[in-house]
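Top to bottom, those sequences are chains D and E.
Read left to right, the first sequence gives residues 1 to 337 (my numbering).
Read left to right, the second sequence gives residues 1001 to 1674 (my numbering).
These are calculated hints, taken from the structure and not from any lab test.
Yeah, the Cβ is synthetic: ideal placement off N, Cα and C, and Gly gets one too.
There are no misleading hints in this set.
Among chain D residues calculated to face chain E with C-beta under 8 Å, some are:
| # | residue |
| --- | --- |
| 1 | 29 |
| 2 | 49 |
| 3 | 64 |
| 4 | 67 |
| 5 | 83 |
| 6 | 94 |
| 7 | 106 |
| 8 | 166 |
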Amino acid sequence: MRPSPRAVLIIASAAVASGLLAGCSGKSPSILHPSGPGAARMTGLWWLLFGIAAGVCVVVIGLELIALLGRRGERTKIKSGGTWFVVIAGVAVPAIILTIVYGVGLNDMKALQQPARSAVTVDVIGHQWWWEVRYPGQNVVTANEIHVPVDKVVHLRLQTDDVNHSFWVPQLMPKTDLVAGRINNTWITADRVGSYHGQCAEYCGLQHANMAFQVVAQTQNQYESWLREQADVAPGVAAAASDPLIDRGRQVIETASCGSCHTVRGTSADGTIGPDLTHVGDRTEIGAGAVENNVGNLSGWIADSQTVKPGNKMPPQPLSPEDLHAVVAFLEAGGHR
Amino acid sequence: MTTVPTRQRPDTAADSGHDRRPKLITDSNEAVRVSEERVGDRVAEHWPEGEGVRGFISTVDHKRIGRRYIITAGFFFTLAGLNAMLMRIQLMRPGQQVISPEEYNQLFTVHGTVMIFFFSTPMLFGFGNLLFPLMLGTRDMAFPRLNAFGYWIFAASGLILFGSEAAGRAPDGGWFSYVPLTGKEFSPAINLDVYCLALLFLGTSTTVGAINFIVTALKLRAPGMTLARMPVFVWALVVVSFMVLFALPPLNTANVMLLLDRQVGTHFFDPQHGGDAVLWQHLFWLFGHPDVYIIVLPALGMVSAIVPTFSRRPIAAYPLIVVATIATGIISFGVWVHHMFAVGLPPLSMAFFSAASIVVVIPAGIQFMSWLITMLRGRIVLSVPMLWVFGFIAAFVVGGVTGPMFALVSFDQQVTDSYFVVAHFHYVLFGGAVLPMLAGLYYWWPKLTGRMTSRRGGVWSFWLVFAGFNVTFFPMHIQGLLGMPRRIYTFPAWTGWAPYNLLETLGAFLLAFGFVFTGLVFLHSWRRGAPAPADPWGGETLEWATTSPPQTHNFAVIPTVHSLHPLWDQASLDSFAYGAERDDRVLADGHETLMTSELDGEPERRLEMPEDSPVPFFTTAALTALVLGLLFRIYPLAAIGLLGTAIALCYWLWPFQGPAMALEEPVPEPEDVS
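Take these sequences, add in the hints, and give me the full structure.
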């Protein structure tokens, strides 16, 4: 007995269905679980579009099945016809549906444009393959983490230092590209405290896959105290006075090549090529989402980040184990994570 | 097991106007037999088939060239598919390191570039080459040598691209190659030079192919075939050819500018020196969106050829389908900005392009409804090609309904560059082009090879490919909604994308198996398939009134066409018999065919057709030297290539005195063109 080819399709459908169920993990940065008004609007639009799409598929595939189950045979007839059906079902009905859809789409486009006013302005600068984040007038520069006050409109000015990137936090707002030679604007609002995954969505070269970031929405008080702390010099500078290991770390940072690319405020390191490391101990991830930030990962990253994120612009650092240990102790000192 | 449906007499009650003449021909098999018998070898002796190596490189026979296009494009499809398999293996589980990011980026770039440029269009051009003269009732393409030239360039440019991949230096900027990433500063190696030059080189092939299709369709139709009786597939490829002529210049311009930026140091795309990075995107998509329709429209035309045959009814609303095809061709030039909604363009401009992108849906709706009503009003013959058409309609509607979503500005900004768009365009391009190509391959295979394919094998091959396709690409919709961006070589486990990726990889293996199986079905048929009659399906268009496979001259008698479905009407069938008595339909004085008027298909004059020639091959060889010289910056080689090309073209175009100059005598009007 040979198996019916149709069985293949049935098994495949079952596989798809079980896959869908298995994949309903709550952690995905899903556009169907929005946490801000911009993304919420898109979720609403999605369900409208999905309903129409499903309806059209059912009608077309249904008509196909009716034809399939209908008359069979060989009798050829050269009588054309059915033009009215084509005019109604292929032109008139789609035109009405599409006009409505277009109206809804325009309305949503307008809703996502520049709001009347914004509470905070942040500069976001894309680099191959990390995000520089600057708070103008606040003396705060960080990387791959954008802290925002909850329920406030935050104006992001997006520019790129090298190639095109795209700023996408699926749960907060549709994408805006970072285009060479231009400054683009977007406005995000998070309506719940929490951390939202964002990722570069425009192919930007070798490590496009590892160019993630977090938007951290905090209460107004938390946000303000975070800003104050970030404006301060590196916490390791004060800790160095009482801890010789941390002090040695400070010396290594100032004497080794770190300062040619990185800034650590409070030390002589003032490079601008790589991320500002003043408060790197506060961040949850390193390498733009490549790995979690902890002592082991940070040591590994400094020693040879190429094994973690091949092709990134930081060369391996030939530090002695003691020096490496000291540098990590300095950078992680006083971290609030 | 092979099924050759018995074809019954067409119901010709509607054609009573031709009852005066005795009915000579009962069906297309009979038409072939009668016309070959009455004409004998008089025509065939002027249409020799070149043999050996010389014949191989000199042939201008549109069927051999079409077959070559199909085989070469199929080979490139296989290689690009293997690239995709490697990508799916890398993404099977989170955090894998099966292949490096460099390799992954080359894989997806080559996969996309080849599938779009080196597979889809050449494959459809292959079908076009094969079918145009057969469907139009003539003996070759209008410019047979140009046709051979187009094929050789296509093959050479594809080899250059895959050669770069074999050397580990393939383009790695994505198929749309955005600057500044692809500029000299961020991509200093040879990879992107390969992209620019291979596409410029290939563009020559596509352009000459397009010109050839247009002229063939307008000048070489069988007498009586007015434009309103031209098959939908021919219409589609003519519209597409016009689109190619308007869409390729922006792409070629962009590639020349990028090449100059990279090799000469100009700053067209460099904002630091007054250039503009967005300019590339405009130029690319001004080509890129029409190109989607350049790929899909001929495939839809193939569906419009298959549906009537197996519904036993002419296509419904033929004028609307033609208008829809032309409208798609025109509107498609006004929608490109929907690929750029996230770039930060002015809202008014986006609102306009959003509307245009919505409008372009309507012509597709017309075609869908026309197929459906043709099937609903007809009597379905569920042959293997028709099974693929059923699968195509189901897949293409899924790709179609997600299309307008990308026309809505803010929704596009949310899902573009995510796996949702990957799912969408695979449903459109695989569902809307590859499935029809397979339907077409099963449909025209007997004509191409003279062999039938196994029905059981065909049914299995359909279900394997169709299931594999859906399991591979359907979950990508959900994955995109869950926030997975495209073009990432790895992803972390916490994202919840892992089960979808695993499922897709398994689907990809099923799909690959389906293709291997499909290949075996064709191989089996080629070796041991049952011989095919001239007309195994009872088709309506002229290609079925030739032997399977057709002789070099296609038609011993140039038929006279009386309707949109000549093989279903008695008058057109009869023209195979009475035409055999007329010199102006047999044209046995030389290597000739008949030239007719553009609109009404009125006979104009005999046309001496070019014979086999190796010049196109050698011209391509010289051009290849030019391209390689520019690629490796060996300028003496480039100069030799340029000189060689100039010499070859002079020889090619030299007005040698020959019989071609002496053929101005008009052909008398036929007595009956209704």
